[in-house]
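Engineer: Each chain, letter by letter, is given below.
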Amino acid sequence: MSPPRYEILLLIAMLIVLILGIISHVGYWIRINSHISKTAGIDVGKQDLRKALHMHHGSNFNTIYITSWSLLLVAFIYLYFMTPQIFSDLNYFRVPNIASGSFGLAALGAAVILIPGSLAALFIPRACSYYTVTRRMKRMSLLAPVLLIISIFCSINLGSIYPTIDSFYWNLGFVTLILALVILLAPFIMGFAEEMRM
Amino acid sequence: MRQIHVLLLIFIFLLANVMVVYADRDIPVDGGSSSRGGNKQIDFDKILKALQEGKEKKPEKFEELQTLININDINTAEYNKVPSLGLGITGNKTLTRNDEFVIRATVVNPNPIEIRRPMYLYLEIQEPRENAFKVINPVAQIIQINEYERKDGQNSSSRIFPDLTSFSNLRTVGPVILRLKASDGQYTWHSENLTLNVTNQEPLISDINISSISKPRYNDAIIYEANITDLDGDNVNVTLHILDEYGREKDNSTQIINGVGQVKFIGNKYFKKSDAGKSFQYYYTYGDGMATNKTKVQDGPTFRKRVTLFVQNPTVIPNDHNQFWWDNYNFTVDMKNQDQGEVIARVTLFTNTKAHPWKYVDSKDVVLTPEMKTVPFNKNPFDVSDVNETFAFKFQYSEPDQNDEVYTEVAWDKPINAKLVKYEAISIIGVGNVLILIALALVLSIFFERRFYR
Chain A
1 MSPPRYEILL LIAMLIVLIL GIISHVGYWI RINSHISKTA GIDVGKQDLR KALHMHHGSN
61 FNTIYITSWS LLLVAFIYLY FMTPQIFSDL NYFRVPNIAS GSFGLAALGA AVILIPGSLA
121 ALFIPRACSY YTVTRRMKRM SLLAPVLLII SIFCSINLGS IYPTIDSFYW NLGFVTLILA
181 LVILLAPFIM GFAEEMRM
Chain B
199 MRQIHVLLLI FIFLLANVMV VYADRDIPVD GGSSSRGGNK QIDFDKILKA LQEGKEKKPE
259 KFEELQTLIN INDINTAEYN KVPSLGLGIT GNKTLTRNDE FVIRATVVNP NPIEIRRPMY
319 LYLEIQEPRE NAFKVINPVA QIIQINEYER KDGQNSSSRI FPDLTSFSNL RTVGPVILRL
379 KASDGQYTWH SENLTLNVTN QEPLISDINI SSISKPRYND AIIYEANITD LDGDNVNVTL
439 HILDEYGREK DNSTQIINGV GQVKFIGNKY FKKSDAGKSF QYYYTYGDGM ATNKTKVQDG
499 PTFRKRVTLF VQNPTVIPND HNQFWWDNYN FTVDMKNQDQ GEVIARVTLF TNTKAHPWKY
559 VDSKDVVLTP EMKTVPFNKN PFDVSDVNET FAFKFQYSEP DQNDEVYTEV AWDKPINAKL
619 VKYEAISIIG VGNVLILIAL ALVLSIFFER RFYR
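So the sequences go chain by chain: A and B.
First residue of the first sequence? That's 1 in the working numbering, and the numbers climb one at a time after it.
First residue of the second sequence? That's 199 in the working numbering, and the numbers climb one at a time after it.
Fair warning: there could be bad hints in the mix.
[Claimed, not checked] What follows is a set of in silico ranges between Cβ atoms, one per label pair, in the way DEER data are often shown:
#, chain 1, residue 1, chain 2, residue 2, range
1, A, R197, B, I634, 31 to 37 Å
2, A, H54, B, I624, 39 to 45 Å
3, A, R94, B, Q600, 52 to 58 Å
4, A, R94, B, I634, 54 to 60 Å
5, B, D405, A, F103, 38 to 44 Å
6, A, R94, B, G475, 48 to 54 Å
7, A, R197, B, L633, 52 to 58 Å
Since the hints were derived computationally from the structure, they do not count as laboratory data.
For each residue, glycine too, the CB sits at the ideal point set by N, CA and C.
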């Protein structure tokens, strides 16, 4: 059995980061709940706790945050599923009607934004609203779409030069993608870390 | 009979003689001295007298004698020369030629077995419009003397004739007369006539048609079709007669349909190159062996004029030497009309790749003269699924070429370039794609922010 491709290993690493974010969020909720139970001596319902924790981070932050999550999904699909390099049987060029068009990439991206992007936009910013997002974090979040646009351009470049393969662009695309992911998960991870200190 | 009487008398005589020689003196015999003297001459008068006396004087003895010598007389009848003959048929007496039936002959022989003779039976037929009977079974059916069944006081026997079970071979319909001829070797008898009415339903033809493309060439597929119905189920001979442009019979062909069916004559074998541009007609004759009919003369086919193109040098030149899938390719073929004058030919281009087998690309009508002309198709027939594959292409034309073919095909060994995306990342289209994405993401974000997070 041949060892998994380098890109697959990195995909696993990215999934671990994502799982870490989910674990942080779950851990945060458990710890908050238990903390309140201990200090107040009563069980607080989930609804009440959500209401109590909810804070509005501002329209600009929310918009950028939702945009970033949408672009993150697009950048991920482009990086892994555009060329036959990683998944030879499952890639964008398996749909020649779309791939042969000049704006086929935009069509693929639009499909990603509209279907999984909408689901992400419905749930992730709501989850983020239970965390404290500092000004510094908000400024940092502005970096996420920039990093993701860089990643998307890297992927488009890899597609346009295919069958030539350029590892630099792939690595750059991956680094920018995972950095953006870390930035977008930062409120969850930081919030959990903060809660751990208490 | 006479012989039996004689024998009886002789017997009585011998008995009397014995009585004369050895009997006691109860029966008086004249000339007793002579009998002793050895004279044994027969005297019938004496015998008769002795018997008469014996009857009167010794009736018991006479009766005993009578019982002793009583032999019944055998009264043999005279040979009866008139047997009774009958002929019957199963089913209706009005029948079609293909109706199956059984002919049964019955013979009633009045003669007792000891004087019967074998009976030889022949079935005779008188066909419509014929004046004489003819024998159907050359080998006679035989009723042996012991093959009679005693029924209702009659000796009867019957035979069937497997030689005649239908009138399928009858050439004319109408009344058919059957009779039985019986012979005992010495005498011959005939039965009464059995008259059958044999009918025929003439075959019908319908749905006469020529199946072909609208203006066929002489070598295109042409099928002459017609439906045949014969309600009697007869074999119907259907003959297609093809008439040339002057109404003369050019060719004909026959098919046989049993009862109901469709005739299909493949027309191509009747025509050759020289028939191009000519009009033909046809009709059918059809008959079931008794009635033969013919259809009206039908028009068709009218062939297109023969045009022979000269085709050469099919080739392709990609607009870009890299041969990308998104490039235009200039497919060309040189063509001319080999005859004088102009001809309009339809030329169609097809390309063949693994992902798109023999894909139609384009088609055009071209006017061809005796001058060679290049017919171009500058087209982009490929898509991204064809990358890194070789391809083939063919020009198909509406008229045959110098090889009597209607297409020419070329395999192109150089594969299509493996490059997938036809623009650079930093290009109007590349950046345009990303801008569309950003705009869409932003619009969606604003929508969600306003709708769900305020």
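Engineer: Taking the hints in turn, state whether each one holds.
Structural biologist: Consistency of the hints with the structure:
1. The hinted range of 31 to 37 Å is not satisfied by R197/A and I634/B, whose Cβ atoms lie roughly 44 Å apart.
2. As the Cβ distance of H54/A to I624/B is approximately 43 Å, the hint placing it in 39 to 45 Å holds.
3. A C-beta distance of roughly 44 Å is found between R94/A and Q600/B, which places it outside the suggested range of 52 to 58 Å.
4. Judged by the Cβ atoms, the range 54 to 60 Å given for R94/A and I634/B is violated: they are separated by roughly 22 Å.
5. In this structure the supplied range 38 to 44 Å is violated for D405/B paired with F103/A, their Cβ-Cβ distance being about 57 Å.
6. In this structure, R94/A and G475/B meet the distance hint of 48 to 54 Å, their C-beta atoms being roughly 53 Å apart.
7. Between R197/A and L633/B the Cβ separation comes to about 43 Å, which falls outside the hinted range of 52 to 58 Å.
Checked against the numbered hints above, the structure violates hints 1, 3, 4, 5 and 7; every other hint is satisfied.
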